[in-house]
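Chemist: Here the structure of chain A is known, so what remains is to put chain B in place on it, guided by the hints.
One line per chain: the protein sequences are A and B, in this order. For reference, each letter of the first sequence is one residue, going 152 to 568 in this note's numbering. For reference, each letter of the second sequence is one residue, going 192 to 290 in this note's numbering.
Keep in mind that the hints were calculated from the coordinates and are not lab data. Please note that a few of the clues may not be correct.
[As the list claims (entries may be wrong)] With beta-carbon atoms standing in for the labels, derived distance ranges:
1. B:Arg201 <-> A:Arg308: 50 to 56 Å
2. A:Asp364 <-> B:Thr275: 39 to 45 Å
3. B:Gly289 <-> A:Asp239: 51 to 57 Å
4. B:Glu205 <-> A:Lys371: 27 to 33 Å
5. A:Ala470 <-> B:Cys200: 54 to 60 Å
6. A:Gly378 <-> B:Glu208: 31 to 37 Å
7. B:Tyr234 <-> A:Arg308: 44 to 50 Å
8. B:Asp228 <-> A:Pro421: 25 to 31 Å
9. B:Thr275 <-> A:Ser376: 39 to 45 Å
10. A:Asn169 <-> B:Gly289: 47 to 53 Å
Even glycine gets a Cβ: it sits at the ideal position worked out from N, Cα and C.
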Amino acid sequence: MQKDYSVWSLFKQGLRHNEGWDPAWKSPEPKPSYNVIIVGAGGHGLATAYYLAKEHNVRGIAVIEKGYLGGGNTARNTTIVRSNYLWDESAMLYEHSLKLWEGLTEDLNYNVMFSQRGVFNLGHTLQDMRDIERRVNANNLNGIDAMVLDGAEVKRRIPLIDASKSTRFPILGASFQPRAGVARHDAVAWGFARAASKYGVDIIENCEVSSMDIAGGRIKGLQTSRGYIGADQVGCVAAGHSSVLAKMAGIRLPLESHPLQAFVSESLKPCLDTVVMSNAVHGYLSQSDKGELVIGAGIDHFNSYAQRGSPHVIEHTAAAIIELFPMFSRVRMNRQWGGIVDTAPDACPIISKTTVKGLYFNCGWGTGGFKATPGSGNVFAHTIANDEPHPLNRAFDLNRFSTGHLIDEHGAAGVAH
Amino acid sequence: MFVITCPHCREKREEEEFSYGGEAFIARPLSPETLDDAAWGDYLFMRKNTKGWNWEMWGHATGCRKWFVVKRHTATHALEGAWTLADGRKIYDAEGAGA
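For reference, chain A alone in the conformation it holds in the complex (with noise of 0.2 Å):
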């Protein structure tokens, strides 16, 4: 089985000319039947997996993936971590997560390249300045580290930012998260599912779920493109499939699926050593490790399962971006993309048990699942391995939508759905 990584693995390697490595996971034939079998092996699902496998000793556990590893919004969102959600919830969720985040390369053995370089929520009206100040004081009660800035010190700390009166859209203030920031987005995935595997987790992919097999109000299995899986316990985690599992085991979920898009530019050199977004104009950036800038754009509007957006929406992003940095305007774009996001009614995740007994749904994240990915696993298998939610999930329950106790949290959630 392969050795933790460290300088002298490193080292070691290097002398051999890095032919020695291990597999990083290990890829199996599906078993006859898990204990627990995770559908989707994104991040969110592989995060499940681990938690389930270290804090909570299953073990028979499977992680299925109809395409590739990591092969979904892991790979097609703007790597943004952040907490300063507005509600009491949803905060403590997210900072639950934030909180992983800031221990997780140790934790996994695995450079998930967590840099918290801060995070910008720009105003561009009074009501904005009155909302950021609301949410920034939500937080502070709460524990999390947020701040306002004004104008002059939003320009003072983005020197490349537009902050003149003649913009339409004036930069008035920020809220500001220290805390917050990027991480490499595969590395999370491939992080993940090394540290699962090596607690003996099974990570199949290209085994798609055609059907599942419940009896008696109870999950018994699931049919595959591999196959027939027998299964105690299956939870769900397929983002903007989910609706099509749910179907599947005739349950109905209050979400739409819609594209969102992404792009990266060209590598420069580093200019911008923070995240910018703006719900007003409704952009987002920051400027990876490589030197792109990566850029996240808005959704469309319909319902979609098609990994591909339409061309105005990303139209619509660049303007907004040029409007804010005036300089980029001449910055050639590498490349576009889209993924798709399961939107819920009020903007928050669906972290639940269901009808079925032992079966389970983790979906709903919207256009911001990235950075609840460790935080995310971490109460979902909270939830399979103890049949009951934690303390953390419990308002996040599929039954909110019968008792009305829905978590508006559209105005923190940064893409309007």
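Modeler: Just chain B now, with coordinates in the frame of chain A:
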């Protein structure tokens, strides 16, 4: 992105000119006060979110401002057609799409 022909004004225009209205033919319960919370929540929030041929509402927001229904494939963005609500409903029922 795709083009839609509005069944009311017969104009063939880009999707940007229209606004999306979500799943079509969700009937408001006739007597909401008799429903339990689960049934009312189902009406308000639960959606088919179909992967495949989807019946959906569109409004000609910057044109004639009228609403109509479209049958569109959510994985390929292919459009089968656009109809007025009354005409679309007949096809929808004949297909058994509401079942």
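Chemist: If a hint holds in the structure, say so; if it does not, say that too.
Modeler: Comparing the hints with the structure gives:
no. : hint                              : verdict
1   : B:Arg201 <-> A:Arg308: 50 to 56 Å : holds, 54 Å
2   : A:Asp364 <-> B:Thr275: 39 to 45 Å : holds, 43 Å
3   : B:Gly289 <-> A:Asp239: 51 to 57 Å : violated, 40 Å
4   : B:Glu205 <-> A:Lys371: 27 to 33 Å : violated, 48 Å
5   : A:Ala470 <-> B:Cys200: 54 to 60 Å : violated, 29 Å
6   : A:Gly378 <-> B:Glu208: 31 to 37 Å : violated, 48 Å
7   : B:Tyr234 <-> A:Arg308: 44 to 50 Å : holds, 48 Å
8   : B:Asp228 <-> A:Pro421: 25 to 31 Å : violated, 54 Å
9   : B:Thr275 <-> A:Ser376: 39 to 45 Å : holds, 41 Å
10  : A:Asn169 <-> B:Gly289: 47 to 53 Å : violated, 59 Å
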